[in-house]
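Novice: Residue numbers are given in the working numbering: position 118 of the sequence shown equals residue 123, and the series is strictly consecutive.
To be clear, the hints were calculated from the coordinates, so they are not data collected in a lab. It cannot be assumed that every hint is accurate.
With beta-carbon atoms standing in for the labels, derived distance ranges [claimed, not checked]: (1) ILE56 with ALA180: 17 to 25 Å; (2) SER141 with THR13: 14 to 22 Å; (3) GLN161 with TYR43: 20 to 28 Å; (4) TYR160 with SER37: 28 to 36 Å; (5) GLU29 with GLN161: 35 to 43 Å; (6) LEU176 with SER37: 21 to 29 Å; (7) THR92 with TYR43: 18 to 26 Å; (8) ALA180 with PHE34: 32 to 40 Å; (9) ILE184 with LYS156: 36 to 44 Å; (10) PRO142 with PHE23: 19 to 27 Å; (11) VAL183 with LYS158: 18 to 26 Å; (12) ILE36 with THR130: 31 to 39 Å.
By construction, the Cβ of each residue, glycine as well, lies at the ideal position given by its N, Cα and C atoms.
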Amino acid sequence: MWKYKNLTFFCISLIIAFIVFSYEPFHIFLISLGNLGYIGAFLGGVLFVSIFTVVTGAVVLLVLAESLSPIEIGVIAGLGAVIGDFTIFRFVKGNLATELKSIYDHLDGDHHLIKLLHSKYFGWTLPVIGAIVIASPLPDEIGVSLIGISKMKTYQFLVISFILNAVGIFLVVSASLVIKP
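Build out the structure end to end from the sequences listed, making use of the hints.
Specialist: Next up, the structure:
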């Protein structure tokens, strides 16, 4: 069996995402999602969580801010963001984590980093830092990965992801309305 199948898939998906998002007609289509109301808000939320699509997702949500309230956008886009975050969460919690652990074992056989991160001083920081990243306008991959390597249960992650994304998106959209010339 192929040892690093998920890691290879991840790298290939990064290359494909780069090619697809640099294709201008596709980019224009994504921005036009801002004209789809609630469906556009949901899809904008899905796009808002990834490093490759965060700018497009933000543009979609900001276009929607002209016709929908920030609370509506926050709730609906927050639900979409949960879908995007959950996809990343399952990928990190699943086989990718196992493959990365195999590589890590070769690099640090004594697991110094793991011992440090799971000590009483740092053990609680992974989910907290992850939550801050998810709530911010920064792409969620790092935050979701930090939460994914912690011992958080899936249902807890879904609730926290929704709340953090809904609040974060609400704040970004509200700020854009205040700052708008």
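Novice: Next step is simple, just say for each hint if it's right about the structure.
Specialist: Here's how the hints hold up against the structure:
At about 21 Å, the beta-carbon gap between ILE56 and ALA180 stays in the expected band of 17 to 25 Å. One distance hint, 14 to 22 Å for the beta-carbon pair SER141 and THR13, is violated here, with the actual separation near 30 Å. Between GLN161 and TYR43 the Cβ separation comes to about 27 Å, which falls inside the hinted range of 20 to 28 Å. The beta-carbon spacing between TYR160 and SER37, approximately 35 Å, falls within the hinted interval of 28 to 36 Å.
The hint said 35 to 43 Å for the Cβ distance between GLU29 and GLN161, and at roughly 41 Å that hint holds. A hinted range of 21 to 29 Å holds for the C-beta pair LEU176 and SER37, which are about 25 Å apart. THR92 and TYR43 have their C-beta atoms about 21 Å apart, which keeps the hinted 18 to 26 Å range intact. Restraint check, ALA180 to PHE34: a C-beta distance of roughly 27 Å breaks the suggested window 32 to 40 Å.
The hinted window of 36 to 44 Å between ILE184 and LYS156 holds, with their beta carbons roughly 40 Å apart. A beta carbon spacing of about 21 Å between PRO142 and PHE23 agrees with the range 19 to 27 Å that was offered as a hint. For the pair VAL183 and LYS158, the beta carbons lie near 37 Å from each other, so the given range of 18 to 26 Å is not met. For the pair ILE36 and THR130, the supplied restraint of 31 to 39 Å holds, since their beta-carbon distance comes to about 37 Å.
When the structure is compared with the earlier hints, violations turn up for hints 2, 8 and 11 and for no others.
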